[in-house]
Structure formats: structure tokens, C-alpha cells
Amino acid sequence: MKTTETPAPLPAESGAPITKTDIGPPPPVKEKKEGTVLNVFSHGVLVVWAFMVVLPLLWAVMTSFKDDRSIFSSPWSLPDSLHFDNWSRAWTQANMSDYFLNTVLVVGGSLIGTLVLGSMAAYVLARFEFPGNRFIYFLFIGGMSFPIMLALVPLFYVVNNMGLLNTIHGLILVYIAYSLPFTVFFLTAFFRTLPTSIAEAAFVDGASHSRTFFQIMLPMAKPGLISVGIFNFLGQWNQYMLPTVLNTDPDKRVLTQGLVQLAVSQGYKGDWSGLFAGLVMAMLPVLAAYIIFQRQVVQGLTAGALK
Amino acid sequence: MQHGKYRFIVGFLALPLGLYALFVVWPFIQSIYYSFTDWTGLSPEFKMVGFDNYSRMLDDDIFWKSLQHSLLFALLLPVVTISLALFFAFMINVGGRKRRNGPVVTGVRGSSFYKIVYFFPQVLSIAIVALLFAFAYNPDSGAINTLLRGIGLGDVQPLWLGDPDLALWAVMAVLVWSTVGFFVVLFSAGMASIPAEMYEAALLDGANRVTTFFRVTLPLLWDTVQSGWVYMGILALGAESFAVVQIMTTGPGGPDYSTTVMVLYVYQKAFRDGQAAYATTIGVALLVVTLAFAAVVMRLGRRERLEY
Numbered sequence: 001m002k003t004t005e006t007p008a009p010l011p012a013e014s015g016a017p018i019t020k021t022d023i024g025p026p027p028p029v030k031e032k033k034e035g036t037v038l039n040v041f042s043h044g045v046l047v048v049w050a051f052m053v054v055l056p057l058l059w060a061v062m063t064s065f066k067d068d069r070s071i072f073s074s075p076w077s078l079p080d081s082l083h084f085d086n087w088s089r090a091w092t093q094a095n096m097s098d099y100f101l102n103t104v105l106v107v108g109g110s111l112i113g114t115l116v117l118g119s120m121a122a123y124v125l126a127r128f129e130f131p132g133n134r135f136i137y138f139l140f141i142g143g144m145s146f147p148i149m150l151a152l153v154p155l156f157y158v159v160n161n162m163g164l165l166n167t168i169h170g171l172i173l174v175y176i177a178y179s180l181p182f183t184v185f186f187l188t189a190f191f192r193t194l195p196t197s198i199a200e201a202a203f204v205d206g207a208s209h210s211r212t213f214f215q216i217m218l219p220m221a222k223p224g225l226i227s228v229g230i231f232n233f234l235g236q237w238n239q240y241m242l243p244t245v246l247n248t249d250p251d252k253r254v255l256t257q258g259l260v261q262l263a264v265s266q267g268y269k270g271d272w273s274g275l276f277a278g279l280v281m282a283m284l285p286v287l288a289a290y291i292i293f294q295r296q297v298v299q300g301l302t303a304g305a306l307k
Numbered sequence: 001m002q003h004g005k006y007r008f009i010v011g012f013l014a015l016p017l018g019l020y021a022l023f024v025v026w027p028f029i030q031s032i033y034y035s036f037t038d039w040t041g042l043s044p045e046f047k048m049v050g051f052d053n054y055s056r057m058l059d060d061d062i063f064w065k066s067l068q069h070s071l072l073f074a075l076l077l078p079v080v081t082i083s084l085a086l087f088f089a090f091m092i093n094v095g096g097r098k099r100r101n102g103p104v105v106t107g108v109r110g111s112s113f114y115k116i117v118y119f120f121p122q123v124l125s126i127a128i129v130a131l132l133f134a135f136a137y138n139p140d141s142g143a144i145n146t147l148l149r150g151i152g153l154g155d156v157q158p159l160w161l162g163d164p165d166l167a168l169w170a171v172m173a174v175l176v177w178s179t180v181g182f183f184v185v186l187f188s189a190g191m192a193s194i195p196a197e198m199y200e201a202a203l204l205d206g207a208n209r210v211t212t213f214f215r216v217t218l219p220l221l222w223d224t225v226q227s228g229w230v231y232m233g234i235l236a237l238g239a240e241s242f243a244v245v246q247i248m249t250t251g252p253g254g255p256d257y258s259t260t261v262m263v264l265y266v267y268q269k270a271f272r273d274g275q276a277a278y279a280t281t282i283g284v285a286l287l288v289v290t291l292a293f294a295a296v297v298m299r300l301g302r303r304e305r306l307e308y
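Line order of the protein sequences matches chains A and B. Counting with the UniProt record's numbering, you get residues 1 to 307 for the letters of the first sequence. Counting with the UniProt record's numbering, you get residues 1 to 308 for the letters of the second sequence.
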């Protein structure tokens, strides 16, 4: 993956991009004709799609600042004044703060669990020869391609029998289990690339295997952990199917679930502006995380498809 | 490095493997077993019924409808998405004007900007994207129909999600919108690793960009395209289509079952109708479709591997 990305320029309304990769004055117009026509054409097409991507998002942000009446009467007009009360209403009355807290708890717990357990399994699978190594590896990897829905029906009853239905920690354990395939896959490849000599030296000096792992290998694996961590953060933050099935207690809802419930029940008391404020609130953390960690996100996500 | 090795291995593997076996592998095996029973999911009692669920499935009109829609999702959606993404990625990476002293083939100005923006929908929850577009599709006050009125197309006011002939396409368009960016970035990474000399040689031979694309870029990128296709197909058969259909279309899976898909049908049978065993049967059918899809794409896409 080439990493030439400059920091994200703000999506200007005009769609006119400026990057630092262009050096020197613009080339003379006397280029080959095909090149010029193509260049105009490319830019035209690309700008149109960029616009189509950004427009719905801008529309959502804009709508979250409008009052209910103008949302319906003129969806495209700018808000007459910025109704910040939509945001505070959504946050307090529409339980967005609870959903947010639930999501933070679930994602925080699962993210830590996924990284710890995933790196332990990956380390062992990558660095030690033992009977069954390949089998266990492929057992984990196989989980990346089968339809989760198939397992979901019995999973509901497994979770139920263990008394973990509608609990935060139950959801955390399930999230970890379903995040392991990709995490193990990614980190196994990563641990294989790390030099063995340092770990061996530590071991010779009398460090135990687990001490070697936690004090030497794990710090060395930091870049890999960050990539896979961001990947899992996005996936777990955006999870919809698992909580929908395993978490039906209204008090335990996560963001995606809570928002869909609000919308299904016609918005709480028909408060559409509050609902839009909630939508935008749920979008902002991931968009922010993406813009900050853009390179790692792309690496993590594309590694999955290129397996 | 032998001392205490096995104790260490067991200690490190026990917890992750245990969780994975308990919540992923075991339910998966169970579901195949349950498909041969009459389990309702509501009571713990059930008995074996052989292939009853399977023969019932073959007579179930709604199952066939959902299968049809799922196949459309798995076959058409990746074709549209990947074609669009290839087109954009080619523009971004090869569509640039030749600059003085620069390489022969360059990306357009601002290529990194496009890649960043196109990727936005990919990081949003598909549930939130679905909600957003459900509002936009609203026939009276939604953003899309209002926009149509605004540009003088007031006569064209489709019902979108309410129209049985349109609903499925409207839902699929949302998935295209949300996934194209991912593939643009994926293919861009692939295109960036194609050596510039290949393009230079093609251009010297007088090839234009279209020929270059079909003769140089696409063949060299074929492996990536193929795995992207399988990846997208699996998504379209599973979690992604569940979220968009369940959230965007109301009732039993759209007006007159026009948008129902297999995952949604599994969910409804299990958690709404109390027919857990029958649900797992449809789930097994979904597994078969997924595996067959992957096998067919791999088989059709087999080409001689190009080394460069």
C-alpha cells in the first residue's frame, strides 16, 4: 500500500481539491489533446461522485440544526437559525447519552479483550510449532467467511442459557469472539514478520515465555495492534446485527440500535430534528477517528479483503 | 525455547479458543443439527423430523423470493460497485495530465483527497446509513423527491421504498453508495503497485487510455478484483443486506415481500415467528448459496496468473 496521503483537506463545497503533491506551476496547455480532454473528464466524474458522497452527510448535519416544521416543508433550505436545542434534547431526553455510554462500555471492553486475546492466540500460532497449530489457525480464519446469521439463532440460546442475555458483559464476550477471526489472521501475519533474535535473547536471559511476550513482543507489535485495533473499533462501534438479536433490553441499547428504535417508533414524540441530531452524534466519532487515523484504517480494512 | 513451552501454549490459547468455540463454532454446528428438528426455540423440547424442514422450504414462495433477491444482491451488486470503483480508481491513478518532467502516467490532482472522501461512508455504521437514506427516500418530504421538484422534475415523484417495483433497487443503491469508496481505495493500492514502465510501453505502442485499462491495468489487477468480488458478495448476502432491508423497508420485508432477503427471513422466522428450526434450515440454504457463490466466482475468474 502506497502511503502518499497528505492530511485530509477539508471537503470544500466546490470540491476543488488542493494537495501538496503537486509541485511547480501548472503544465502548459500544449499537451497531447487526449490528456487534456481526459483530465477534464476525469475531474468532472470524480467531483460528481465526491459530491454525491458528501451531500447526504452535509444534509444530515444541516437537518440536525433545523426545527421539525422546516425539515418537512423545505428539506433543502438552510436552517433559519441554529437550533442547538435539538442536540441537547437528543442527548438528554432521547436517551442518546445512555446509548452512547452503553456503546462506549461495550466497545471499550471488547476492544481491549479482542486485542489481548487476539494477540495471545496470534503470537502462539505464529511463533510456536505444536501439533494442531495449522488446524487451529484455519479454524479461526474460517470464521471470516461464513454467514453469521446462521450461527445467530443457536447463539441466542447459548447466551441465554449462560444468563448473559441483555447484559453488557455478555455482549462484550460475543463481540470478542466474532472479532477474533480477523484479528488473529492479521496479527499472526504481523508476528511472523518480527525478528526472533530479541525474544530468544530475552528467554536465554531467564525471562519466562509470558514475560517475553508482554514485555518484549507486545511493545514491538504496536503498529500492528494499532491497525487492527482501529479496524475493530470501527466494526464494533458500528455493529448492528449482534446487539439487535442479543440485547433487547431498552436500557442496554447501543447507539445503532437506539437510533433505529427511535426512528421506528416515529421518533420519540415525532421529534425528527432530535433524531437527526442523534444520527449526526453517532456519525461524528467514527468520522473523526477515520480522519485522524486514516492510513491505519485503510490498511486494516484493505488487508481483510486481500487475504 | 523448550522449557514450559506446552504449558505456555495451552495457557495462551485456552481463553481465545474457548470463547471462539463457544460463541462461534458451537452455535454454527448446532444450527445444522437443529435444521433436522422441529424446535420452536420457545420450549426446550423438540424431536428429529428428518428433511421435513427442507421440503417445506422448497414449497415456500417467500423463501424463493428471498433467494431470488439475495442472488441479485450477490451477483448484480458487486458488478455495479466494482465497475464503478475500477472506473474511479483508474481516473484517480492514471487519469492525470502529463506534467513536465513528471512520470508519463499520473493520477489526477488531489487523488488523495478523492480517496479520503470516497471512503467516508465505509466507516459509518450501515444501520445509520440506512436510516439516513430512509429519510431521504420519503416520497412527500424526503430530500430526493424535493430535489427532483426543485430541478423541475415535479412530475417524477416515485414512492421509492413504497413501490414494490422500485424498493429493491432503492435499497441496493444505498449499498452501492456506501461500498464504492472502499473498493476505490483497494484498487488504487493495487494500481499503485503496477510498474510505470508497463504504462510507458503501452503508450509508446500507441495505446489510448481505454485500451491501456483493458490490456494492462485490469489483467494485472485481476486477483484483487476477484477477491474483492467474493468479499462484496459475502457482505451482500449477509450482514449488510440485513441492516438495509430491515431498517429501510417496513412490514414483512418491503411491500409485498419485494425486498425480503434470506438473512432477513432467517431473522424473522427465528425471532418473530418462533420457528427456530425452520430458520436454521434457511440459514443452511444461505450457507450453501454463499459457498456456491464463492466457488463460482473463483472458478469463472480463474486466469493465468500474471507476474510482474
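These aren't lab readings, by the way, just hints derived from the structure by calculation. One thing to keep in mind: the hints can contain errors.
Okay, the calculated beta carbon distance ranges per label pair [stated by the list, open to error]: (1) A:200 / B:300: 17 to 27 Å; (2) B:193 / A:192: 51 to 61 Å; (3) B:208 / A:197: 21 to 31 Å; (4) A:291 / B:169: 47 to 57 Å; (5) B:21 / A:196: 47 to 57 Å; (6) A:215 / B:21: 46 to 56 Å; (7) A:134 / B:301: 20 to 30 Å; (8) B:301 / A:74: 42 to 52 Å; (9) B:218 / A:141: 26 to 36 Å; (10) B:61 / A:61: 39 to 49 Å; (11) B:26 / A:200: 33 to 43 Å; (12) B:80 / A:141: 21 to 31 Å; (13) B:274 / A:142: 43 to 53 Å.
Selected chain A positions facing chain B (Cβ under 7 Å, derived; list incomplete) [said to hold, decoys possible]: (14) 150; (15) 216; (16) 218; (17) 220.
Beta carbons: idealized from backbone N, C-alpha and C, even for Gly.
Interface hint for residue 220 of chain A, Cβ within 7 Å of any Cβ on chain B: It is violated, given that the least Cβ distance between residue 220 of chain A and chain B is near 17 Å, above 7 Å.
Beta-carbon spacing of residue 80 of chain B to residue 141 of chain A - inside the hinted bounds 21 to 31 Å or not: holds, 29 Å
When the least beta-carbon distance from residue 150 of chain A to chain B is tested against 7 Å, hint result: holds, 4 Å
Beta-carbon spacing of residue 301 of chain B to residue 74 of chain A - inside the hinted bounds 42 to 52 Å or not: Cβ of residue 301 of chain B to Cβ of residue 74 of chain A: about 49 Å, so the range 42 to 52 Å holds.
46 to 56 Å as the expected CB spacing between residue 21 of chain B and residue 215 of chain A, which holds or is violated: The hinted range 46 to 56 Å is violated for residue 215 of chain A and residue 21 of chain B, with Cβ atoms some 29 Å apart.
Outcome of range test on Cβ distance (residue 193 of chain B, residue 192 of chain A; 51 to 61 Å): violated, 21 Å
Status of the given 39 to 49 Å range, CB of residue 61 of chain A versus CB of residue 61 of chain B: holds, 43 Å
Range hint compliance [Cβ, residue 26 of chain B to residue 200 of chain A, 33 to 43 Å]: holds, 37 Å
Hinted contact residue 216 of chain A with chain B - closest CB pair below 7 Å: violated, 13 Å
Outcome of range test on Cβ distance (residue 291 of chain A, residue 169 of chain B; 47 to 57 Å): violated, 32 Å
Range hint 47 to 57 Å (beta carbons of residue 21 of chain B and residue 196 of chain A) holds or violated: At roughly 29 Å between Cβ atoms, residue 196 of chain A and residue 21 of chain B fall outside 47 to 57 Å, so the hint is violated.
Status of the given 17 to 27 Å range, CB of residue 300 of chain B versus CB of residue 200 of chain A: violated, 47 Å
Consistency note: the structure conflicts with the earlier hints numbered 1, 2, 3, 4, 5, 6, 13, 15, 16 and 17.
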